[in-house]
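**Student:** Line by line, the protein sequences are chains A and B.
Following my numbering, the numbering of the first sequence begins with 1 at its first residue and continues without gaps.
Following my numbering, the numbering of the second sequence begins with 536 at its first residue and continues without gaps.
Just so you know, these hints were derived from the structure itself, not from any lab.
Backbone N, C-alpha and C fix where the C-beta goes; we use that ideal spot for every residue, glycine too.
Heads up, some of the hints might be wrong.
As the list claims (entries may be wrong) - Ranges of calculated distance between the beta carbons of each label pair, as one might list FRET restraints:
#, chain 1, residue 1, chain 2, residue 2, range
1, B, E566, A, Q207, 43 to 49 Å
2, A, I286, B, A599, 47 to 53 Å
3, B, F684, A, Q361, 46 to 52 Å
4, A, G331, B, D667, 36 to 42 Å
5, B, A740, A, V389, 55 to 61 Å
6, B, S748, A, L278, 33 to 39 Å
7, B, A599, A, Q396, 57 to 63 Å
8, A, G331, B, L568, 55 to 61 Å
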Amino acid sequence: MTKKNQQLIDRIADEARKGRISRREFMNYSLMAGLTATTATGLWTTKAAAQPKSGGHFRWGLHDGNSADTHDPGTYLSRQQIYLAHTHRSYLTMINGDGSLGPDLATSWEASEDASEWTFELNPNASFHSGRPVTATDVIASFNHHRGDDTTSAAKALLTDVTEITADGDHTVTFTLSRGNADLGWLMTDYHLAICPANEDGTIDWQSGDGSGPYKIDNIDWGVQISLSRHDGWHGEGAYFDSVDIITLNDPNARQTALVTGDVDAVSLIELKTMALLQRDPNIVIHNIPSAGAITLPMHCDTAPFDDVNVRNALKLAINRDEIIEKITFGAATKGNDFHHSPAQPYFPEGIEQREYDPDQARSLLKKAGAEGLSVNISTADSLFSGAVDLAVLFQEQAKAAGININVVREPNDGYYSEVWLKKPFQMVSWGARPTPDVMYTLAYKDDAAWNESRWQNERFNELLLMAKSELDQERRAEMYREMAILAKDDGGTIIPFFNNFVYANRANVGTPEELAASWENDGARAASRWWFTD
Amino acid sequence: MGDIASLILKRLGLGLITLLIISIIIFFMVELLPGDIAQAVLGQGATEENLAALREQMGLNDPAILRYFQWLGGALTGDFGESVVTGERVSAVISDRFVNTLFLAAYAAVIAVPFAITLGVIVALLRNTLFDRVANVLTLTSISSPEFFLGYILILYLAVKAQMFPAIASLSGDLSLGELLNRTFLPALTLVLVVTAHMMRMTRAAIINLLASPYIEMARLKGTPPWKVIVRHALPNAWAPIINVVALNLAYLITGVVLVEVVFVYPGIGQSLVDAVSKRDFPVVQACCLIFAATFILLNLAADVGAILTNPRLRHPK
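Work out the full structure: start from the sequences and follow the hints.
**Tutor:** Here it is in structure tokens:
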């Protein structure tokens, strides 16, 4: 091998160690540099593939923290609370880096045939930071915190089907549901459902901040900084850092500067506008991960003019998604196809024809509906996401080609979700990621859902939704989700321009697994227990 | 001196009435905001039942007037209540933050006040020279730029390029005084740049205003050197307006720093006020605003007392 080639291969290996190129890219580059596939594989495992190692103090900058945050899992809302929960508390299950469902506190779980009874086996080695083992009592108390008439938990709706939770010994918990739900294991990853120590009276002690996660809290100043150190008795794998600081950096510039100057090792969000510039810094690695979070434009299907499916489809055709992704998200998004099922979720239906920008067809649909010269208002607000108002204005321009006049109504940021959402007939909404299509559809597309934001009523869709919910056969289930996707796309009342990507970054000396979970930023909010320092 | 004591008492009494009026205004402003605490706490994920349960738990179902008087009753006995959102004592929530804010304000003031007044004296002495012009242009530029922009510029040159100071001023546990001063230098410098121009120009104007007086001319005629004319003769009579401006700027250092806090991630009281408003956490909003209002009232009082003390004529009214 020539000297030049050797240098090239060293450089490729070095890039791979830093996590800047994936295994596949590494193999491609190595083959191009003249190695055989076998040698390249060997090189990957010995030299390039990053081996996690322990040690160091990880400083993690977050974009959403408030000084009024608390430890109450029922009112978890800010990223600070959610990230902390994944660091100091445990859930029954967790979403793995490759998007599959894996164990956390529960080592195994199985359903009865109709999926209405689920049994979770708890890890007998799991313990709280106080030293007490985690038992079925704690799990039951933690779930009851979100149930009952007087609960203040935002996760109540998620657990309405759960009729009873019983313990069988210290390490077995059984959930009985009023109807089958094949996704219960996935639901357990919802960020509210953290397991807290139970009190004598069956309530939970969330106030103390005790948990059974990989790190324990040493010092907490909400909205400023949280200091944690490793919980030696943690039941999981990982937790390579000795200690972790979670630092609230709400200002985008402060976050970026802190990362550039090395005041923090990783940040949860970077500005898309400066992403390309930041990419040039050799000390920084940017991750651009497709997520299940989406921007939706729901139209009330029971209100004129949106009660005509031709009008709805005309509007869907009048939006140029490619231009929006390029100009509003700077490429950091996955194109939507008007059904709320992201490629980052399980059972994604491949191969459904993509709806493209077609003003001419939109015009002819309007003609069919007798709604030529359509004029509609769309409500939006700056706080929905960066570029929300710009998106509406761009859509306004694009729709002109189809003869549609869209008035952009800019609503106040404050109280958008209480005063505008679900009330205005056509508007813009930002949805966080949900673990499965069932959760998403049940929440916002089911005929009687409180948040059926498009007021869409489709008999076949709702029938399929209920059937798929308790269907344990994966293939048949995927088939049902495909049919539902097509129904939502062609009959539904929601335009989905894109699924937004998570774009976050870390210093090059932070090692990250090859695949990063897409449930939250920073590897499913588990950077503290999954990442490591390479130097 | 009895006059001063009675003046202080009278002004403090008026100050209390002002605070009362402010507390009423703030309460109803918070009430007027769209949405309520329960919605702000539970966010997008709330259902009607959740909201009702949380409102009940937080005592939001009582009429607004009743809640205001409940709060006022506590406040009059020195009890500012508990944060509606977290249930913590308001005093515990904001005391650390307030100490941080005072520290940053003091740090900036210790640099800015002597610097601005000295500079003001020098430019008065060298008025209409190149130095005067340059000093004016520079200080006016810094006061005309928004604080966050000044902060970004300082971060770019002193933190990112020169790497002399940390870009974020996050305070953790036990820092030595030296480290603390180093960590908070950039936010303090930003504030210095923001307040210097006002004080410097007032010093300059007040002195130049006096330079036309006959007694200054007398001093010049008897051969006093120009710096002595200004420092010994003009400055003592110029103190009153300068003290007023200094007091205003000191108040600004405490109440107007939220942007600087955000840019440098400094845990001060401005940030807790913003957080509390976004959550509609009325007791915290109220406590922060009253602290700000009291700061203004007390510093204005101090300015008036200072003006009287430096002017013998005001001390002995005819």
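**Student:** If a hint holds in the structure, say so; if it doesn't, say that too.
**Tutor:** For each hint, the structure was consulted:
1. For B/E566 and A/Q207, the Cβ-Cβ distance of about 29 Å falls outside the hinted range of 43 to 49 Å, so the restraint is violated.
2. Range check, A/I286 to B/A599: about 49 Å between beta-carbon atoms, so the 47 to 53 Å window is met.
3. Between B/F684 and A/Q361 the CB atoms are about 48 Å apart, so this pair conforms to the stated range of 46 to 52 Å.
4. Distance hint check: the CB atoms of A/G331 and B/D667 are about 52 Å apart, inconsistent with the given range 36 to 42 Å.
5. At roughly 44 Å, the beta carbons of B/A740 and A/V389 sit outside the given window of 55 to 61 Å.
6. A beta carbon spacing of about 60 Å between B/S748 and A/L278 contradicts the range 33 to 39 Å that was offered as a hint.
7. Between B/A599 and A/Q396, the C-beta spacing of about 40 Å breaks the proposed range 57 to 63 Å.
8. A hinted range of 55 to 61 Å for the beta carbons of A/G331 and B/L568 is inconsistent with their spacing of about 37 Å.
Of the numbered hints stated above, those contradicted by the structure are hints 1, 4, 5, 6, 7, 8, listed in ascending order.
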